[in-house]
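Engineer: Chains as they are written, first to last, in numbering that gives the first Met the number 0: chain H, 0 to 315; chain G, 0 to 315.
Any copy will do: because identical chains look the same in the list, a pair fits if it lies in one copy or spans two.
Calculated pairs, DSS-like style, for lysine-lysine (alpha carbon to alpha carbon, straight line, at most 27 Å):
hint	residue 1	residue 2
1	LYS298	LYS155
2	LYS284	LYS155
3	LYS150	LYS77
What the hints contain is simulated information worked out from the structure, not anything from laboratory work.
2 protein chains.
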Amino acid sequence: MERFAVGVDLGGTNLRVAAIDEKGKLVDQISIPTHKEKGRDDVIDRLSSEILRVAQRWASSYSLAGIGVGIPGIINMKEGLLVMSPNLPGWENFNIRAQISQRVNSPIFLENDANAAALGEKWMGSGKDGNDLCFLTLGTGVGGGLILNGKIWHGKIGMAAELGHVTVYPEGRPCNCGNCGCLEAYASATGVVRSAEELLDAGKASEGLKREAALQSQLNSAAIYRLAMAGDPSSVEIYQGVGRALGIAIAGFINILDMDTFVLGGNAADAWDAFANAMFEEVNKRSYIYARDPRRILKSSLGNQAGIYGAACLAF
Amino acid sequence: MERFAVGVDLGGTNLRVAAIDEKGKLVDQISIPTHKEKGRDDVIDRLSSEILRVAQRWASSYSLAGIGVGIPGIINMKEGLLVMSPNLPGWENFNIRAQISQRVNSPIFLENDANAAALGEKWMGSGKDGNDLCFLTLGTGVGGGLILNGKIWHGKIGMAAELGHVTVYPEGRPCNCGNCGCLEAYASATGVVRSAEELLDAGKASEGLKREAALQSQLNSAAIYRLAMAGDPSSVEIYQGVGRALGIAIAGFINILDMDTFVLGGNAADAWDAFANAMFEEVNKRSYIYARDPRRILKSSLGNQAGIYGAACLAF
Chain H
0 MERFAVGVDL
10 GGTNLRVAAI
20 DEKGKLVDQI
30 SIPTHKEKGR
40 DDVIDRLSSE
50 ILRVAQRWAS
60 SYSLAGIGVG
70 IPGIINMKEG
80 LLVMSPNLPG
90 WENFNIRAQI
100 SQRVNSPIFL
110 ENDANAAALG
120 EKWMGSGKDG
130 NDLCFLTLGT
140 GVGGGLILNG
150 KIWHGKIGMA
160 AELGHVTVYP
170 EGRPCNCGNC
180 GCLEAYASAT
190 GVVRSAEELL
200 DAGKASEGLK
210 REAALQSQLN
220 SAAIYRLAMA
230 GDPSSVEIYQ
240 GVGRALGIAI
250 AGFINILDMD
260 TFVLGGNAAD
270 AWDAFANAMF
280 EEVNKRSYIY
290 ARDPRRILKS
300 SLGNQAGIYG
310 AACLAF
Chain G
0 MERFAVGVDL
10 GGTNLRVAAI
20 DEKGKLVDQI
30 SIPTHKEKGR
40 DDVIDRLSSE
50 ILRVAQRWAS
60 SYSLAGIGVG
70 IPGIINMKEG
80 LLVMSPNLPG
90 WENFNIRAQI
100 SQRVNSPIFL
110 ENDANAAALG
120 EKWMGSGKDG
130 NDLCFLTLGT
140 GVGGGLILNG
150 KIWHGKIGMA
160 AELGHVTVYP
170 EGRPCNCGNC
180 GCLEAYASAT
190 GVVRSAEELL
200 DAGKASEGLK
210 REAALQSQLN
220 SAAIYRLAMA
230 GDPSSVEIYQ
240 GVGRALGIAI
250 AGFINILDMD
260 TFVLGGNAAD
270 AWDAFANAMF
280 EEVNKRSYIY
290 ARDPRRILKS
300 SLGNQAGIYG
310 AACLAF
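Using the sequences and the hints, build the whole thing.
Structural biologist: Right, dumping it as structure tokens:
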């Protein structure tokens, strides 16, 4: 009997639960709103019901290898605690592993969501053919995951791959983390909007960007991407800035770890066409290792399913 | 019978050959000038004679575990070639492993010198008590070595830990590697002298630094260190700049790898007292992981013997 695993992505907005077989075939998937405003017990109750439902539905065709769960935030791997999560306020120090485990009556594997997504891309996505993988997720913030020798690299206290908080411009914009000039302040969706606001405030914005700002109550990175692809000069410049910041950071990762594969995921990576050229140019300039032996820097092929693949992979 | 290994550090200036036992006791050590101007065959001949002499001298008291050699430059680990070495011009693509191996009639372990020094510090030096180690060597340039899970991390083509070429100031000074703003351009002995020259050229140097420059045909980093420790304002500022550049880089390494131990070696690390405060301040500002859980950032305890310890360790 072939094995399958249940992979869960517990996000601040959606709960995804999937059944994936050992060969990486997605056999079942559901997605429901998280409704985190109803409180963590309610979320865990509903999530656990969905896990049980999916697990039972496939129990006659496959044997269950295990259940893996990816969650946003810092995890104490030893205790199974969610130490801190900006996306799940009020869940600090919540013993999420024990809570789900009790309800589904089975051990579960817990992992940070970006680490899980990295593992998913390594297993079944753009990172499939590489030895190692550096995964960057570009969304509201910038997160990351490192796969070294086929395994997630956690570091001393499980906080490795905080790639969004690597300094790219020492005198740059303040970041929520207290530092200034972090990659996240430039290459996230929020960073894109900040770049636009800076141009508007300085009176240096193009007519197109000014028009967009006047039409919207709040600028968003997807609209600026569309403007960039239509040739609006300010929007082109903004996304070149995203590419440069990414390029400085990725060149650093290559110089430090000499890795072969880099995958960019998250919604903001959809603007690939607007930032990729500037990114490659910067990596080539700032890493003679890359210039000597170019690496694969790719867009995620699993998109927002990377997390459930990775969570399932944890269980195999 | 206890085992021992021969550890070799083949530097551009000196050849060091040592006998070290399994417990890390240095039982024998010789150091002779490299005289690289005599050509690579001559250097390899003399080096091999010294290896044989040291090996034979201890062969009655110990059993020989093996011979390890650290060399500056990029190594093709598979073939045992020295691909490129700025310190050993004319040695490009030289099959150094086979050449030594033939002469000493024994297999040898070849490693990049900074990687070997990192391993030495992990085995018997400041990195002894850590899980992982990030080693930085501050000399004419800045090199590095990473020990992950107890092993040297080589990366895809053996070029990992080019830590001196991580960008710290994107718009900074040009570096020999073709990039600008590399750590090496600020935190090496050469970088210190460049900082002094920039202050002098801009007419912003203190009286003390001007006097030193007038006395010497060529400024050197050790003299600037002495001035800094005596309170000379320009020299203090220069070494604070070294500390800031190191701090930006090390904060990045922590954010990427969440490592627990960092060791700074090389001659320029002797100026520790002049740069350490600025370095710690910068790391604390730029890594909230460090701010949450401070890491050990230490001066090398093995100094210029780290390389022979690491080379011997390769053989055990």
